[in-house]
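J.: Note that the protein sequences, when read in sequence, are chains E and A.
Using the working numbering, the first residue of the first sequence is number 1, and each one after it goes up by one.
Using the working numbering, the first residue of the second sequence is number 1, and each one after it goes up by one.
Honestly, the hints are just simulated from the structure, not real lab data.
This one's a predicted model, so the numbers in the text were calculated from it and none came from an experiment.
It cannot be assumed that every hint is accurate.
[As the list claims (entries may be wrong)] Listed below are several chain A residues computed to face chain E (Cβ distance under 7 Å; list not exhaustive):
#, residue
1, Val61
2, Gln74
3, Val81
4, Leu117
5, Leu124
6, Gly146
7, Ala187
8, Ala190
9, Glu208
10, Phe210
11, Leu212
[Unchecked claim] Computed far set for chain E versus chain A, every beta-carbon distance over 12 Å:
#, residue
12, Lys367
13, Leu409
14, Lys421
[Claimed, not checked] Computed list of lysine-lysine pairs in DSS-like fashion (alpha-carbon distance at most 27 Å, straight line):
#, chain 1, residue 1, chain 2, residue 2
15, A, Lys49, E, Lys66
16, A, Lys184, E, Lys199
17, A, Lys206, E, Lys321
18, E, Lys149, A, Lys199
19, E, Lys199, A, Lys66
20, E, Lys294, A, Lys184
21, A, Lys367, E, Lys184
22, E, Lys206, A, Lys149
23, E, Lys184, A, Lys149
24, E, Lys184, A, Lys294
25, E, Lys149, A, Lys206
Positions of the beta carbon are idealized from the N, C-alpha and C atoms, including for glycine.
There are 2 protein chains.
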Amino acid sequence: MKQMQIFAFDMNCVGHINHGMWTHPRDTSLHYTDLDYWVDLARTAERGKLDGIFLADILGVYDVYKNSAAPVIQAAAQLPVNDPMVPIAAMAYVTRHLGFGVTVNTTFEPPYLLARLMSTLDHLTKGRIGWNIVTGYLDSAARAMGLEKLPEHDARYDAAEEYLEILYKLWEGSWDDDAFVGDKVRAIFADPAKVRAMKHEGQYYKIEGFHLSQPSPQRTPLLFQAGASARGQDFAARHAECVFVAAPTPQAVCRPVEALRAKAEAFGRGPDALRVLQLVTIVVGRTEKEARDKLQDYRTHANVEASLAHYAASTGVDLSKYGLDDPITQASTNANQSALAAITKDAPTPMTLRRIIDHMVLGSRMKPIVGSPAQVADRLAEWIADGGIDGFNLARTVAPESLLDFVDLVIPELQERGLFKADYAQGALRQKLFGKSGRLPPGHPAAAFRH
Amino acid sequence: MKQMQIFAFDMNCVGHINHGMWTHPRDTSLHYTDLDYWVDLARTAERGKLDGIFLADILGVYDVYKNSAAPVIQAAAQLPVNDPMVPIAAMAYVTRHLGFGVTVNTTFEPPYLLARLMSTLDHLTKGRIGWNIVTGYLDSAARAMGLEKLPEHDARYDAAEEYLEILYKLWEGSWDDDAFVGDKVRAIFADPAKVRAMKHEGQYYKIEGFHLSQPSPQRTPLLFQAGASARGQDFAARHAECVFVAAPTPQAVCRPVEALRAKAEAFGRGPDALRVLQLVTIVVGRTEKEARDKLQDYRTHANVEASLAHYAASTGVDLSKYGLDDPITQASTNANQSALAAITKDAPTPMTLRRIIDHMVLGSRMKPIVGSPAQVADRLAEWIADGGIDGFNLARTVAPESLLDFVDLVIPELQERGLFKADYAQGALRQKLFGKSGRLPPGHPAAAFRH
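Given these sequences and hints, build the entire structure.
T.: Structure (structure tokens):
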């Protein structure tokens with residue numbers, strides 16, 4: 001039976017996706033500035049045999065709603081947001097198998113520095129690092145990084161293609177597999193004939209240099225991507241190994257996922273090149289009643305305004321300008337088409353603020369899966385079967401309670417049904433997920449840059 | 001009696017300063033890619049009550065010597081060099097008081113990203129982070145970062161001044177001290193009236209944005225600097241709190257240090273604004289004979305060629321072009337004047353390759369302090385008294401043996417003499433070193449950017 005992959009989804013901040021949950025008396029996310037908070041999270045995730053912890057990131061602030069950052073500052077909606085890289089070493093130190101995914105933005109992070117950062121993480125975690133490739137979408141981030149505004153969407157992806165080529169040349173091509181010698185007697189650390197400077201001269205970058213890190217277990221970190229646009233899908237099919245989706249139903253995601261897999265195969269990457277992970281919020285109790293009571297308790301803490309501010313930044317539509325029952329249409333906004341389509345598609349028309357708010361049960365646009373362990377397992381199994389996906393990215397609600405509940409109640413149920421592994425596989429993160437090598441397979445574009 | 005400050009000096013690499021030591025049978029620095037290596041180092045340093053571990057960094061490679069990177073690749077002379085930030089969380093997790101200094105280059109790292117990175121480190125270490133401000137000197141780094149060549153020396157410092165202003169605005173001015181509320185009942189994380197976007201429009205940078213991190217214990221990390229040029233000295237007197245020096249004798253450092261302190265005072269920073277740390281290599285044994293035997297053993301592993309390659313990159317002089325007894329003069333080179341002066345000043349003239357090599361006892365240009373614990377303590381006390389400095393930065397030889405020896409043999413001797421603290425002081429790193437607050441004092445230029 002096919003086993004699902006499960007990542008805990010988090011962010012180095014107080015309010016991540018389900019806004020307002022930090023105000024629950026049992027929530028501890030105000031302690032995100034303590035190493036113990038992260039270490040405990042990692043230990044819980046590994047106890048549950050989760051494939052990894054995925055840390056999102058954003059540069060810039062959500063200031064579209066009311067044309068102000070005040071709502072998100074008051075609600076801690078992804079502001080403050082600390083650097084996701086920093087806690088990883090401590091989490092890796094107390095675990096052995098757990099993977100770590102982390103978001104880094106190609107528009108803002110210099111590629112030569114990112115190449116070394118990722119190699120260092122891959123070394124120190126013994127091959128347990130993944131990178132979620134994003135290109136950014138907030139003009140506030142562009143201004144903070146010294147640009148007038150963001151480059152256009154497709155130009156960002158063109159630059160990201162070049163960026164990846166640079167990284168592949170550094171990660172896969174600068175040091176040969178047998179460059180490291182480590183011979184103390186002959187005083188030879190590495191063979192200089194097997195280490196070379198890479199050169200890149202493209203439209204966006206002109207770069208020349210040795211990769212500063214010797215080969216790490218995976219070389220190229222496990223590559224994550226979540227692009228929803230046509231250009232983003234193309235990019236994912238070409239480069240990504242794990243793809244995040246956030247569809248309203250299994251039925252809605254099935255065909256796009258099939259198309260993505262077909263595109264990856266058309267790019268020569270074989271039929272098993274992708275792991276597709278659906279974003280889910282789960283509220284589980286020992287019984288259905290316990291779960292429903294928990295949901296009722298949690299939802300009294302949901303922060304709708306923060307959720308609207310977050311949504312407004314994603315779509316580019318200042319939702320504060322609409323009355324509760326005003327129709328919100330594509331025409332009435334200058335909205336990001338794909339973002340707005342994601343919610344209008346499966347919603348009653350006309351879309352209104354009231355209907356959006358009704359949807360925001362726990363302070364996000366996600367409809368939670370609620371029930372007993374068996375009920376939750378049924379729903380997850382449905383997603384896998386009907387959606388044609390591979391696994392899940394678990395959004396937190398009340399932290400760390402929601403992860404503890406999942407690990408203690410849902411994981412055993414999934415294991416019993418054979419839907420989730422009883423123990424970790426050996427090897428690097430890529431090897432654990434795909435069952436082959438810790439290195440990228442020959443069909444991946446990175447392989448072309450091996451010497 | 002004045003107590004000295006002591007940092008362990010290290011780098012996320014195999015060969016740091018005393019080149020070739022990794023080839024010693026007992027040296028473990030090939031394990032720099034294991035978290036345990038760093039965790040053990042941190043535990044040893046904290047057991048010895050050291051003030052901190054300082055991690056150097058370099059982007060680019062030492063390719064002046066023989067116009068090639070081959071010698072340093074073969075000898076692991078600061079290539080490979082991994083990211084210094086990554087292991088810090090694991091080291092902080094297993095310690096409570098130990099400080100961490102880390103080098104980051106203002107020419108290459110975007111200021112908005114560095115601001116958040118440092119704040120995150122300051123949060124997760126509970127105020128134990130320091131930053132060594134460097135502006136770079138290798139053209140190979142510039143090319144790797146997409147520039148044709150490095151900006152000129154003084155322009156780099158001008159840009160660094162602006163860079164610091166941006167950071168001060170973010171660290172000290174974007175969030176007020178009482179901005180954080182953390183009230184779960186009223187659902188107020190922070191007061192938006194007390195959080196503001198900074199704006200900067202200068203010659204080198206145009207930046208606008210909220211600091212992404214809420215105030216950390218120190219806000220601005222402890223500031224280290226090591227500039228030897230006139231411009232570098234000026235910069236250090238204005239901004240630095242800890243200054244690294246690498247003088248040949250206490251007598252040689254005394255007057256420059258006095259001048260630096262006077263300059264800091266003239267900038268309104270008071271008479272106690274600086275901690276000056278001399279770079280030292282120490283070989284200690286239980287007896288003088290044991291130390292001398294150890295030195296003899298170590299020096300059979302010294303790698304002179306790697307040391308010459310390192311020195312050639314620092315001075316810009318390809319020393320491979322000189323015969324052993326050819327005179328090396330300022331005129332015969334296009335050398336970096338201050339770097340060459342540092343060695344020619346106290347050396348017999350004419351300087352020759354043979355004399356430089358004679359000087360490189362343990363694979364570096366540093367003359368080691370060798371002796372029994374009492375002899376080493378005498379020498380360190382002399383440095384403090386005659387050099388007018390505050391403490392030391394300990395270069396490693398055979399790792400971790402040289403740090404273990406220092407902690408087990410020299411520290412107790414210094415403590416017995418009242419020259420080193422018996423235990424850590426409370427508070428953040430800055431508070432421990434200066435005995436006042438964890439925040440920068442009012443006379444520091446950063447204070448002007450507080451709201």
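J.: Would the hint on Ala190 (chain A) stand, with a C-beta cut-off of 7 Å toward chain E?
T.: Result: holds, 5 Å to nearest chain E Cβ.
J.: Assess, step by step, whether the Cα of Lys294 (chain E) is no farther than 27 Å from the Cα of Lys184 (chain A), and give holds or violated.
T.: holds (18 Å)
J.: Checking one constraint from the list: CA of Lys184 (chain A) to CA of Lys199 (chain E), max 27 Å. Satisfied?
T.: violated (53 Å)
J.: Quickly compare the C-alpha distance for Lys199 (chain E) and Lys66 (chain A) to 27 Å and report which way the hint goes.
T.: holds (21 Å)
J.: Does the interface hint hold: is Ala187 (chain A) within less than 7 Å of chain E, judged Cβ to Cβ?
T.: Status holds, d = 5 Å.
J.: Measure nothing beyond the straight line between the CA atoms of Lys184 (chain E) and Lys294 (chain A); if it is 27 Å or shorter, mark the hint as holding.
T.: holds (18 Å)
J.: Grab the minimum C-beta distance from Leu124 (chain A) to chain E and call the hint holds if it beats 7 Å, violated otherwise.
T.: holds (5 Å)
J.: So Lys367 (chain E) supposedly isn't at the interface. Is its beta-carbon more than 12 Å from every beta-carbon in chain A?
T.: holds (23 Å)
J.: Is the shortest C-beta separation between Gly146 (chain A) and chain E less than 7 Å?
T.: Interface hint status for Gly146 (chain A): holds (5 Å vs cutoff 7 Å).
J.: Next item in the hint list is Leu212 (chain A). Is there a CB on chain E closer than 7 Å to its CB?
T.: Given a least distance of 5 Å, the restraint on Leu212 (chain A) holds.
J.: Do the numbers back the hint for Gln74 (chain A), that is, is its least Cβ distance to chain E under 7 Å?
T.: Given a least distance of 5 Å, the restraint on Gln74 (chain A) holds.
J.: With the threshold set at 27 Å, check whether the alpha-carbon distance from Lys206 (chain A) to Lys321 (chain E) stays at or below it.
T.: Given that 27 Å is the threshold and the Cα spacing comes to 31 Å, the pair is violated.
When held up to the earlier numbered hints, the structure conflicts with 15, 16, 17, 23 and fits the remainder.
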